[in-house]
Amino acid sequence: MDKIMSIEGITKSFGGIKAVDNVSFFVKKGEIKALIGPNGAGKTTLFNIITKLYSKDSGKVFFMGKDTENYKSYELVKYGISRTFQNIQLIDDMSILENVMLGYHIKTKTTAIDAFFSLPKNKKQEDKAKEKAMETLKFLKIDSISDKYPNEIPFGYKRLVEIARALCVQPELLLLDEPAAGLNESETNKLLKTIFRIWEQGISILLIEHDMNLVMNCSHSIVVMDEGRKIAEGLPSYIQNDERVLKAYFGK
Amino acid sequence: MSQKTFLLVLFLVVMVVGLFIKNPFILNMLSLAALSVIVVIGLNLLLGFAGQISLGHAGFVALGAYISSILAIRLNINPWLSILIAVLVSSAFGALIGYPTLKLKSHYLAMATLAIGEIIHSIANNYVDLTGGPQGLAGMPMLSIFGFMLDNETKFYFFIWSLTFLLILLSINFVNSRFGRAYKAIKSKENAALAFGINVHLYKVFIFTVSVFYASLAGAIYAFYLGFISPSSFGLTQSIEYVVMVVIGGMGSFFGVFFTSVILTILPNLLTSLEDYWPIANGLLLILAMMFMPNGLKGLFKWIK
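Taken in sequence, the protein lines are chains D and Z.
The working numbering numbers the first residue of the first sequence as 1 and each following residue consecutively.
The working numbering numbers the first residue of the second sequence as 1001 and each following residue consecutively.
Rather than coming from a laboratory, the hints here were simulated on the basis of the structure.
As the structure is a prediction and not an experimental result, all values here were calculated from the model.
The beta-carbon is built from N, C-alpha and C at its ideal position, and this holds for glycine as well.
Fair warning: there could be bad hints in the mix.
Said to hold, decoys possible - Okay, derived cross-link-like pairs now, BS3-like style, lysine-lysine, Cα gap no bigger than 25 Å in a straight line: (1) K56(D) / K1105(Z); (2) K128(D) / K1004(Z); (3) K1305(Z) / K124(D).
What the hints assert, rightly or not - Partial chain Z-side listing against chain D, Cβ under 8 Å, derived: (4) L1170; (5) F1174; (6) S1177; (7) R1178; (8) F1179; (9) R1181; (10) K1184; (11) S1188; (12) L1194.
Go ahead and model the full structure; you've got the sequences and the hints to work with.
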C-alpha cells in the first residue's frame, strides 16, 4: 500500500476555537478519497493547511514520503499537487485557453529576456503551452469554448475550466475543493464521469465535498469531519450507515 | 489589427509628424511627451498589469536624472555611460526597496511608495553639495550617437520617439508571454497565481524593478536633453500625474496610456496661462474618469488584438 499523501495530527485554532483538532488520514496512490462533513466541520481549513495558505499549530503533512513543512504554497504544483477552487478563481480578462495555459506556467521555461525580445524560445514555449492546454480542454470535452472569456460561459463550464487548469500540468495528486457546489443534477453526473476519467489516468484525487450523492458514487474511501475532528473513516457503504455520521449530518 | 501592426502605424505617423513640424517649441513639447510615455508605459506594467500601485515614480525619474547628471558633471564620465550606470543603480535600488514594500498591499503600498518618492525628492532638495539643492544642476553635456550630435529639437525628437517605440514594443512582447498571464493572475486572483507555481512576491519585485528601469531611463535622458534639472520637476504632484495617466488611459491598455500621456503632457504646455489651475483640473479629471469611465480609454482600443 503506497501512500501519496499522509496527514498526521493536524491541529489549528482560531482564537479559542479549534477549527481542526488532531486530524490524521492518508490518501493512497491511485485512489479517490473524499473529505466530507457539515458546514463548519473544518474541511476548508484543513484544505488550506494542506495547500499552505494557512499555517498550522501542530501536526505534519507528508507528500510522497517527504515532509512538506518547508514547501511554499507556490512550490506545491512543482512537487505534483494541483488544486481547484470552490469559489471560481478564473482570470476574467484572459480567454479560457489562456486560463488553462496559466496552469501550465511552471512547465514552460521562458525567461524574462526571451519574453521582452520575443526570442524564438518564447514562441516555442507558448506553442507548447497552447498545445497542452488544448489537449486538456479536449480531454474534458470543452475545447469548443477555448476562445471564450469566463464571463461568457455557464457556471458548470467554469467548474470544468477550473479542473482543466489544475489538470494541465499532469499532477500526481489533484485536490478538488467542492467541485459540485452550484451544479445541477445533470452537471453533477457529468462531473462524476469526468472525475473517473481523470482517475483512470493514474492521478490520485482528494475531494472535499458537500454533495453526499457524488461522494458516495465516486470515492473509494471517505473521511468524515465534524466540529474539527475526524469522526469516521471508511468505505462509502460503511460511512452511509455510520451512526456518528448520520448524527452529524441529520442531527439524529 | 494586431497590437504590433498598430504600433508600427503609430510609429510611422509620429515620424512623419517629425518631418513636417519645424517649430522648435512644439517639437520640444512632443519630445517631453515621449519621455512621459516611457515612464507611464513602465508604470502601466506595474499598475495596469500587476495591479501594484506606486505613488513614488517621479522619485525614480529623479533618481535616474540626478545620478546620471552627477556622474557626468562631477566625475566627467561619458554621458551614455552615466545614463547606463544611473539606470542600473536606480533599478537595483528599486529592487532593494521593492523587496520589503511589495509585501504590503493596496493603500499601505501606496503610502510606502509615496514616502520613498518624497525621500528622494527631499534629498534632491536638501543635499545641496551633491544635488545643487532647489537651484538644481546644470551643464550636462549634449548627447551624441556615434559622433552624431543630438544638438537640435528635430534630431532629439527622432531619437527619443524611436527609443519610446522600442520600449513599448518590448513591453507588448513581455505581456504577450507567460509572464503577462502570471501578472494578470497576480492582479485579480492572487491565490490562483500561487496555486499554479507563481512566486507572487518575487514577480511583484521584478515588475517593480522593470518599471523603475523605465522611469530612471526617462529621467536620465531628460536630464541630458534639457541640460538642467531641479527638484521641482520630480515632486508628488508629478507622481500622481503619472498614475492619473495610467488610470485615464485604461489600466493595462498600452495605446490608451500612450495617448493619455501625450495629451496630458502637451495640454498644460499649451495652456500655460492656466498653469495655476492645472492641478485642480487634473484632480477633477481623475474623479470624473473614476466615476464615468472606470476602464479609462481602454474600450477605444478594443479592436486592437
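Evaluated hints:
no.	hint	in the structure
1	K56(D) / K1105(Z)	holds (24 Å)
2	K128(D) / K1004(Z)	holds (23 Å)
3	K1305(Z) / K124(D)	holds (21 Å)
4	L1170	holds (5 Å)
5	F1174	holds (5 Å)
6	S1177	holds (4 Å)
7	R1178	holds (5 Å)
8	F1179	holds (5 Å)
9	R1181	holds (5 Å)
10	K1184	holds (5 Å)
11	S1188	holds (6 Å)
12	L1194	holds (5 Å)
Against the hints set out earlier in the document, no violation occurs for any number.
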